[in-house]
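Peer 1: The task is simple: from the sequences and hints, build the whole structure.
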Amino acid sequence: MKLYNPPSPLETRVVSRRFGVENSWRLDTYLATGGFEAFKKAALMTSDDIINEVKASSLRGRGGAGFPTGMKWSFVPRNTDSPKYIVVNADESEPGTCKDRLLMEHDPFQLIEGILIAAKAVGASKGWIYIRGEYRYLVDHLDSVLKEAYQRGYLGKNIAGSGFDFELYTQIGAGAYECGEESALLESLEGKRGVPRIRPPFPAVSGAFQAPTVLNNVETFCAVPEIIRQGGKWFADLGTPKNGGTRMVCLAGHVNKPGVYEVPLGMNMMYFINEIGGGMRGGKKMKALIPGGSSCPLLRADECDILMDYDSMAKAGTMLGSGGMMVMDENTDMVKVALRIMRFYKHESCGWCIPCREGTTWLQKMLARIVDGNGALRDVDLIGDLAKNMLGRTFCPLGDAAAMPTISIVEKFRPEFEAYVAKNPFASSELVQVA
Amino acid sequence: MTFSPELEARFADLLTHYPEGRHRGALIPMLMYAQDEVGAITPDLMQELAKRLGISVLQVDEVVGYYSMLHKKPQGKYHVQVCTNVACMLLGGAELYEHASQKLGVGHKQTQASGRFSLEEVECIGACSWAPAIQVNYDFHHDVTPAKLDQILEGLQ
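Just so you know, the protein sequences line up as chains A and B, in that order. Counting from 1, one number per residue, gives the positions in the first sequence under the numbering used here. Counting from 1, one number per residue, gives the positions in the second sequence under the numbering used here.
It cannot be assumed that every hint is accurate.
Below, a list of computed lysine-lysine pairs in the DSBU-like style, where the Cα atoms sit at most 35 Å apart [as the list claims (entries may be wrong)]:
(1) A:K388 - A:K285
(2) A:K365 - A:K192
(3) A:K336 - A:K365
(4) A:K336 - B:K77
(5) B:K72 - A:K346
(6) A:K192 - B:K51
(7) A:K365 - B:K103
(8) A:K257 - B:K72
(9) B:K103 - A:K423
(10) B:K109 - A:K157
(11) A:K346 - A:K336
(12) A:K233 - A:K336
(13) A:K285 - A:K2
(14) A:K336 - A:K423
(15) A:K2 - B:K109
Please keep in mind that the hints were generated in silico from the structure rather than gathered at the bench.
Peer 2: So this is what it looks like as structure tokens:
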């Protein structure tokens with residue numbers, strides 16, 4: 001039994017359209033439902049044609065950063081003797097995110113076809129699907145899927161009679177959030193600690209094993225076959241300008257119908273929560289939400305009447321991120337949420353950059369001090385200051401990821417911090433202020 | 001150090017996945033798969049993998065120290081991992097962890113004297129829309145309540 005939630009009639013299902021189809025993960029089902037038509041089309045296209053089609057789709061990276069995919073592919077150098085690689089980021093570890101898991105479980109051949117089209121576009125010969133260690137069952141699942149693909153001629157030599165060769169493997173991780181960051185993932189793929197690399201050079205120039213590499217999220221690759229099959233414009237028109245297509249949103253928290261839903265970019269967020277997510281549990285009021293994984297600045301309920309696309313979210317001071325939306329009701333203790341988020345980042349900071357390693361450690365200590373009833377007002381200010389000073393001062397975005405939600409919670413829910421401090425009889429004591 | 005023929009076959013296949021001279025890439029998968037068979041990352045295992053990949057034991061050790069799923073001590077036969085990250089926390093993940101801890105009589109990263117169960121409070125395991133979630137060894141359990149947790153654990157006695 002594959003993990004699945006009842007679909008909503010309000011979804012626009014593109015990458016998830018085979019979810020719920022009997023044996024959706026088998027090659028025969030895939031072929032019977034349009035599978036590999038896109039690859040066969042791409043096999044006759046030039047690199048530029050494929051990349052231009054993806055550019056026309058205005059597909060942006062679905063892992064979190066939202067970088068335009070076609071542009072990323074166009075950065076891979078053409079005139080080089082170096083082998084080129086494809087790396088799939090299936091490390092899905094951003095708290096709140098559980099979509100790539102479903103894509104790999106229900107429709108792995110769609111992922112494979114997307115990878116093959118990317119490989120054809122940039123001339124790559126080999127690729128790895130880097131999967132977090134906790135998803136061990138998916139590694140086994142994909143290993144058997146890849147075996148079937150090799151046996152039936154959809155991987156290996158002369159794929160589907162196209163004359164194109166490509167090797168694809170799974171690579172299991174071993175538990176490290178940091179390895180979802182592209183350069184740390186590449187270090188891990190090379191058998192090392194997952195610490196970030198300084199950029200430039202970007203992976204398109206020097207990535208896996210120092211060769212030019214296309215590195216995208218699972219969902220990004222999964223969107224590619226339909227873009228080629230139905231055209232970039234078709235995909236782009238599903239969303240809003242510069243924010244093409246659909247995306248998977250993982251709805252969690254205090255809602256009636258949590259689940260992973262595919263919606264067009266630009267859907268109104270409150271409409272999504274109320275109509276697809278069934279509204280708040282137990283008739284409670286909504287207090288806040290994390291829109292796209294725990295690294296995104298939080299939104300208060302009154303800030304959520306906005307469109308869910310990259311640009312509208314940026315305008316609202318937050319991000320679409322990885323699609324992990326966690327909704328919180330009126331009884332949620334935001335100080336405890338801030339502490340839990342920071343505990344996570346402190347645990348996962350790889351320790352490479354001092355502002356992140358020390359920053360997350362101290363932020364966690366100060367937040368814990370407040371929750372434990374030993375905090376002073378000075379701590380609340382210091383938390384905001386310290387977090388702001390981490391921004392942009394690290395090799396990778398983990399430092400920012402820890403700072404951004406913290407800054408937003410302190411700014412938007414300051415009275416809750418003050419209420420904790422007010423309960424501390426020693427809050428104004430000199431001793432506390434020195435601590 | 002010897003491994004089962006299945007594991008040896010897996011290693012042999014893994015080593016073909018990387019570019020010429022870059023088979024160190026196999027280190028983390030080899031550690032993960034070997035750990036499943038051996039039960040922990042032992043000094044012998046680190047030495048063996050270092051030898052096979054032509055790297056130093058220290059290079060293996062620093063990798064083992066970095067990744068949270070690699071452990072040098074054996075865990076219980078059933079390793080119970082309770083997620084308490086935000087999505088699970090909102091729906092009772094922390095209480096579920098406390099319940100598991102009381103039920104099993106062990107704390108974070110501790111193993112029962114019998115070696116049957118061990119417990120770990122883990123970070124997000126990617127089951128947020130089905131929270132709170134736990135993993136027992138590699139198996140996911142979704143929408144877990146304290147009563148459901150009891151049932152799961154009793155099924156493993």
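Peer 1: Work down the list of hints and note, for each, if the structure agrees.
Peer 2: Now the hints, each set against the structure:
no.	hint	in the structure
1	A:K388 - A:K285	30 Å, holds
2	A:K365 - A:K192	30 Å, holds
3	A:K336 - A:K365	13 Å, holds
4	A:K336 - B:K77	33 Å, holds
5	B:K72 - A:K346	22 Å, holds
6	A:K192 - B:K51	16 Å, holds
7	A:K365 - B:K103	29 Å, holds
8	A:K257 - B:K72	41 Å, violated
9	B:K103 - A:K423	33 Å, holds
10	B:K109 - A:K157	47 Å, violated
11	A:K346 - A:K336	15 Å, holds
12	A:K233 - A:K336	45 Å, violated
13	A:K285 - A:K2	33 Å, holds
14	A:K336 - A:K423	15 Å, holds
15	A:K2 - B:K109	30 Å, holds
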